[in-house]
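Dock chain B against chain A, hints included.
Taken in order, these protein sequences are the chains called A and B.
Under numbering that gives the first Met the number 0, the letters of the first sequence match residues 0 to 84, in that order.
Under numbering that gives the first Met the number 0, the letters of the second sequence match residues 0 to 84, in that order.
Heads up, some of the hints might be wrong.
Repeated chains share a single entry, so a pair holds when one copy, or any two copies, can fit it.
Once the Cα atoms are required to be at most 20 Å apart in a straight line, the calculated EDC-like pairs of lysine to aspartate or glutamate come out as [what the hints assert, rightly or not]:
(1) K40 with E70
(2) K10 with E54
(3) K72 with E54
(4) K40 with E69
(5) K10 with E35
(6) K72 with D53
Derived by calculation from the structure, the hints in this document are not laboratory data.
Protein chains: 2
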Amino acid sequence: MTTVRVVITLKPGVLDAQGQAVRQGLHALGYEGVSEVRVGKHIEITMPDEASVDEISAMCDRFLANPLIEEWKIETDALPSRRPS
Amino acid sequence: MTTVRVVITLKPGVLDAQGQAVRQGLHALGYEGVSEVRVGKHIEITMPDEASVDEISAMCDRFLANPLIEEWKIETDALPSRRPS
Numbered sequence: 000m001t002t003v004r005v006v007i008t009l010k011p012g013v014l015d016a017q018g019q020a021v022r023q024g025l026h027a028l029g030y031e032g033v034s035e036v037r038v039g040k041h042i043e044i045t046m047p048d049e050a051s052v053d054e055i056s057a058m059c060d061r062f063l064a065n066p067l068i069e070e071w072k073i074e075t076d077a078l079p080s081r082r083p084s
Numbered sequence: 000m001t002t003v004r005v006v007i008t009l010k011p012g013v014l015d016a017q018g019q020a021v022r023q024g025l026h027a028l029g030y031e032g033v034s035e036v037r038v039g040k041h042i043e044i045t046m047p048d049e050a051s052v053d054e055i056s057a058m059c060d061r062f063l064a065n066p067l068i069e070e071w072k073i074e075t076d077a078l079p080s081r082r083p084s
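The shape of chain A in the complex, shown without the other chains (with noise of 0.2 Å):
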């Protein structure tokens, strides 16, 4: 098994609210030297060893991202670039 891990964002110049709230936060607690906060997931998918970056992308493009506001990125160490037939 593998961990593939998919880190998702909203696309620049897409308004965070989530990310402004958290920021507003931050400075209400003194940290007054944060200028800008991004909120995205991370999603941490388990896999079989034999899964590949275009079945991820897939999964991405088809389910897990919102692809007219949001970009994602696959972060792992080792994936075939295409399932084995």
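For chain B alone, kept in the frame of chain A given last:
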């Protein structure tokens, strides 16, 4: 300005209802091989260059994470371990 990434995840053993829902969704789409999904938060904080790891750790402990059920780690290129005085 430096951008620091904080990844907040549920501690091992804590029930991840959101992750289970995502896993069921992926199974329903045909990705039967997915055995586990854990969902966490990915926070990008833009701060002055002189910010220290200690300061970000304090933010996580006081505000960003719930230390009862969550753990966090800081991912950044280079930060001084203490704020210069």
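Status of the hints after comparison with the structure:
1. K40 with E70: both (11 Å within a copy, 15 Å between copies)
2. K10 with E54: neither (22 Å within a copy, 27 Å between copies)
3. K72 with E54: within (13 Å within a copy, 28 Å between copies)
4. K40 with E69: both (10 Å within a copy, 15 Å between copies)
5. K10 with E35: Intra 14 Å, inter 27 Å, cutoff 20 Å: intra-copy only.
6. K72 with D53: within (12 Å within a copy, 28 Å between copies)
Figure legend: structure checked against the earlier numbered hints; the only hint not met is number 2.
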